[in-house]
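Chemist: Residue strings, one per chain:
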Amino acid sequence: MLKSAVILNKLAGVVLLGILTALLTGCTTIINPQNPQSTFDTLGPVAENQLFIFWVIFFAGLVVFIFVEAALLYMVFKFKRREGDGDPAQTHGNTRLEIAWTIAPVIVLVVAAVPTVQGIFYADAGRYISANYQAAADEGRFLEVDVIGHQWWFEFRYPHPTNAGEQIAVANEMYVPVGEPVVFLLDSVDVIHSFWVPKLAGKVDMIPNNDNMMWFEAYVPGEYFGQCAEFCGVSHANMRFKVVAVARDEFDRWLLHQANPAAEPSDPLAAQGKKLFRDAGCSGCHADSNSVIKLRDDGSRIPGRTGPILNHVATRLNHLGMFRNSDVDFEDASGRRLYINSQGMPADVTTGRSFINESMLQANLKEWITDPESLKPGNLMARDGEPYIDPANELTEVEIDALVAYLMTLK
Amino acid sequence: MAQATAHHGEHEPTTTGLNHRKMLMWAFLGSDCMFFGTLIATYLVYKNRSITGPLPEDVFSIPVTTVSTFVLLMSSMSMVLAYAALTRNSMKTFRIWLASTCILGATFVGFQVYEFTTFANYEHKVYCADVGVKELTPLKQQLAEKCGTEDEHNGVVEEVVGLTPRTNLFGSTFYTLTGFHGAHVTLGIVWLLSLFFLSFKKGMVTPEKNLDLDLAPLYWHFVDIVWIVIFTVVYLFGVFPGF
Amino acid sequence: MTTMAFPIPRPTHPTGIWNWITTIDHKKIGVLYGVTAFILFLTGGIEALLMRIQLAGPNQDIVSAEIFNQLFTMHGTTMIFLAIMPLSAAFFNFVIPLQIGARDVAFPRLNAFSYWTFLAGAIILKISWFTGGATNAGWFGYAPLTSVQQNPGTGIDYWIVSLQVLGIASLAASFNFLVTIINMRAPGMSFMRLPLFTWMTFITNILIVLAFPVITVALIELYFDRSFGMNFFNVARGGDPVLWQHLFWVFGHPEVYILILPAMGIVSEILPTFSKKPLFGYPAIVLAGAIIAFMGWMVWSHHMFTVGLGPIPVTVFTITTMAIAVPTGIKVFNWMGTMWGGSMDFKTPMLYAIGFVAMFTIGGISGVMHSMASSDAQQQDTYFIVAHIHYVLFGGAIFAIFAGIYYWFPKITGRMYSETLGKINFWITMVGFNLAFFPQHFLGLDGMPRRIYTYDASMGWNLWNGVSTAGVIILAIGILIFMHNIVKSWRKGELAGGDPWDGRTLEWSIPSPPPEYNFAEIPTVYDRDDWWARKRREVRRGVPVAGGSGEDEHHDIHLPQPSYWPLVVAIGLFIGGIGLVYPVGMYAISMVGVFIGTVAVYAWSFEPVNDPEEGEQAAH
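Protein chains in written order, with this note's numbering: chain A, 1 to 411; chain B, 1 to 243; chain C, 1 to 620.
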């Protein structure tokens, strides 16, 4: 062997070893649980259980990993061929040893399987569908939310708190009461999507013609990031949403507020926008004043309009579930000061100041209406919406401002 | 792909003593089992999941399909007789049985064509006297609603509700499954016909050189067996309640 | 016997391009497979590189969302069907007849047909980039994203047709190799004396024979939906998208083993050779391979843990999947047992083989992590899975394939590669690979979904995405060095001799490159690792061992002659396939393809018999 190759060999080995060690030791600090979708910052029982099972197998795997890689390294140095070596001892096998290393993994896996199977049943929402399920749901002992996937946005339907047979629809941002299990009935109108809020629970797919369910509970109030996890077409990457957890009474205030139509715009520009909302064809796909949708007589759901519901769009903390309408950071665990005030709006618990930053909201809405294709490539509005495909009907700057002004009144 | 490799194969000593091509045929049939297995699985998964009719109990006519099944089984028998004749070196008898195998196979395909066209133009009849007395399929129930209206003629309501591959899940799965089976039978007929015509050329098909007469029957019987499964699972289970 | 329906003589081109086109020599076909698949591997790599550049930072706009989706779909399809499978097939072709002491495969022309059909399928897939957009629904093509309503373009149709054509190629090759391995072993080569690579090839081909019909049917159903308006996956008519997933993964999981078992076979050849020790626990490794293949049929739903199958099926598939770790572990431990106490020589193939064991172990462990449905609920469809699959298929399959290329390079070309460049290549690849894919574990656990073309700066994924992209660039440099080494050494490397590694199996008993007839005399086999045993016996007896037998005096060896028809049938399939992509008005083209194919099949059947004398007659 060439001299240079020997040196290279050793050098590279050392470098590699260094990198591997760095990666391994860094593992705990490298992944920052503060990241919005970290699976290590578990803030609900389901995610917690799933992380526990991850650690079980992680440490079992780590032992195997260290054993195998250390043995490899040891052998590489120990059993290196040297000048003048003859044939080594020709061992063909060792039955006892082989049985041992068959049994050992079996034991590890059996041990790991126990919490896993428990976890599978724990995460399954089927446990809420028991004999007294309907009774429990009727009593409001747990909240049940329909989640409907669209390309590329999430629709959420809540049971109307007072009117049986009616649902309240919101889009891209949902609220849940803290400390209560929430059951989700998952569905899709087009392709397969997946409902995933990493800090609260692992994902479950939303499949047309399949009634999937899941549940989670949030331990603490705050805003949680969610994202579609099943590839669903061009803008899959932009199919995001938020879950906002608040105290039960605040949640009730919010829901009731969503059920009511927003106030009529008084500002002339906004009033012009409201008219334009109909004339330009927006209302063909978007509901702007009514979030309440009746159920069919047999209790089945009626499909809503094609586009996200826009009633109360100005109360959402995030635009499209992606861009913040708020400059207040309520991310860190101690500072979750979000609450829902008596107007049904998210606000600061100490100062009462609205969380919605009007200028951010305005900029977001304007950007979206001006060029939806650049924010969510392939979306239906940019593809089929009259103002975007027909140059004759293109929205002018003034019209866009009017529409934005109108949407901003939908509080 | 016949003579050259056959010849080659017969001369080459093999590890197991089995002919290469025969072994390939077995491997192919194993693969084909998975092919039909998947088609049948799809059919079964979608059984009773069609949103609209017609359903198996509407269109199937078990007597007709029993006859066509019998025809196909007879073709297997004549295939065996053809093979036996060849080993006895009576070429004339061999050709007769081989030709009759082809004819029986073609008859089966003809039945299938007839069946497909009938299904596609199926005329549903409901005798209004039966309503409430007999159990009706959902589609017939729907038709029965016309009883007592002017669509009714002499106590009978009739309507053409054809079954095409587009009609419902049953149509898609049924035609795809049986269609591929029919294609297999057709391919077998082409193969057997090729052998039939070859047998007139001297030395092409002889008792010593009958490998193709080993493989073709293997294929033919396999296709037959698949049909028996289809007949049972699709036709019989489709019509008789309780499955 | 002289009556020919198609009296076209067999081609006789001893050299040149026509020789390559008409060849039915398994060694040349192996080289064709290898070179073609490597070029396709590079195209898949370029697709990956573009994706990594797009993801190097947040909110980048280097490629559009639509193009990105096409890139990852094509990358996956390419690497699986056009790179790893045919690279394995290249080794099947070159090595298997040599290892079992045969002069060729059982059906030499069928073998040529497999290659040309594979090439046809590859071209069909790759030209879709230039015919209005490649497929963009993921290599798994989940319904209903593949429906004509969602995906009206021809990309999906090209994908369907290409996979069908590739399926025909794979099935034909598998029938061929199954028969070859069962039926053409040299005298004394019992199954328990088969080299491990041959064993794993055997098992792989059984899997192909049984798994490909399933995807064939699924694709037919999808094609019927798209072209004829049938209802298999049409949600509005009661079709169930989950059925597609079941069909796809019933094929797809055995497919994973189709990709990795040959790699395990290659490593099981290299480790003993460079440790100068027989494989530790040969029966256990064989049995483990068989169990993996068998259990590979019982675990498919672990790809579907989040589909909502219900807790009981999920539990069953969790347990079967965890169980499959046991035979995999057996293999890893036995490989280590092979090296233990050996006399290890760190030539490039050995480095790659050890790299395989080290990296595959990581992939195996992360595999167990998401075999457990509970922790998979967080990992499914994230970069954690991307990391896992690349540790298994790059750190696993591709490392083993590189090991195999270096290992058999002297046998294939008769020349030695540059060891220095080989080592540099290994270490750069190793570092680049780990930099590229290890951080993806972190990204996945940090909640980054896979198949997203962009992400926001606030998500905390910037660093590791940047590192990953840098790693891929290093990896690409490693591949360039590899290509340089191979091309340079092929042309003017040192002559290698018949047995440069002190090899163990029969392919090392003949000269390099092997003569057309492989073995001057078919050897008789008395041992596992027969060539090694033969050498040691003769050393003990004091007889010097020549670096290979096979003097050039056996000119009367019966070899089949080249043929045009396999290529012509493949051309028919190609034309017919293209016709199917455009159902409206293009059936005419399909019919042309069918006609060409049918004529060629008959011509094939009645081609002159390949006895030397008769071949001469035909040439007159």
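Simulated from the structure, these hints should not be mistaken for laboratory data.
Where hints are given, some of them may not hold.
[Said to hold, decoys possible] Going by beta-carbon spacing under 7 Å, a handful of chain C positions derived as facing chain A:
id : residue
1  : Leu145
2  : Tyr223
3  : Pro241
4  : Val307
5  : Pro311
6  : Val314
7  : Met322
8  : Ile330
9  : Ser343
10 : Ile365
11 : Met369
12 : Ala377
Don't be surprised by glycine CBs; every beta carbon is placed ideally from N, CA and C.
Chemist: Hint by hint, say whether it matches the structure.
Modeler: Now for the hints, and whether the structure bears them out:
1. For leucine 145 of chain C, the suggested interface contact is upheld, since its CB lies about 5 Å from the closest CB of chain A, less than 7 Å.
2. Because the smallest distance between the Cβ of tyrosine 223 of chain C and any Cβ of chain A comes to about 19 Å, over 7 Å, the interface hint for this residue is violated.
3. Against a cut-off of 7 Å between C-beta atoms, the interface hint on proline 241 of chain C holds, since the closest Cβ of chain A lies about 6 Å away.
4. Among the interface hints, the one on valine 307 of chain C holds; its C-beta lies about 5 Å from the nearest C-beta in chain A, closer than the 7 Å criterion.
5. Nearest Cβ of chain A to the Cβ of proline 311 of chain C: about 4 Å, under the 7 Å cut. The hint holds.
6. Hint on valine 314 of chain C holds. Least Cβ distance to chain A is approximately 5 Å, under the 7 Å limit.
7. Annotation: interface hint on methionine 322 of chain C holds; nearest CB of chain A at approximately 5 Å, less than 7 Å.
8. A least Cβ separation of about 6 Å between isoleucine 330 of chain C and chain A falls short of the 7 Å threshold, and the interface hint therefore holds.
9. Taking 7 Å as the C-beta cut-off, the interface hint given for serine 343 of chain C holds, the closest approach to chain A being about 4 Å.
10. About 4 Å separates the beta-carbon of isoleucine 365 of chain C from the nearest beta-carbon of chain A, less than 7 Å, and the hint is met.
11. Interface restraint check: methionine 369 of chain C against chain A, minimum CB-CB distance 5 Å, threshold 7 Å, status holds.
12. Below 7 Å, beta-carbon pairs count as interface contacts, and alanine 377 of chain C has one with chain A at about 2 Å; its hint therefore holds.
Figure legend: structure checked against the earlier numbered hints; the only hint not met is number 2.
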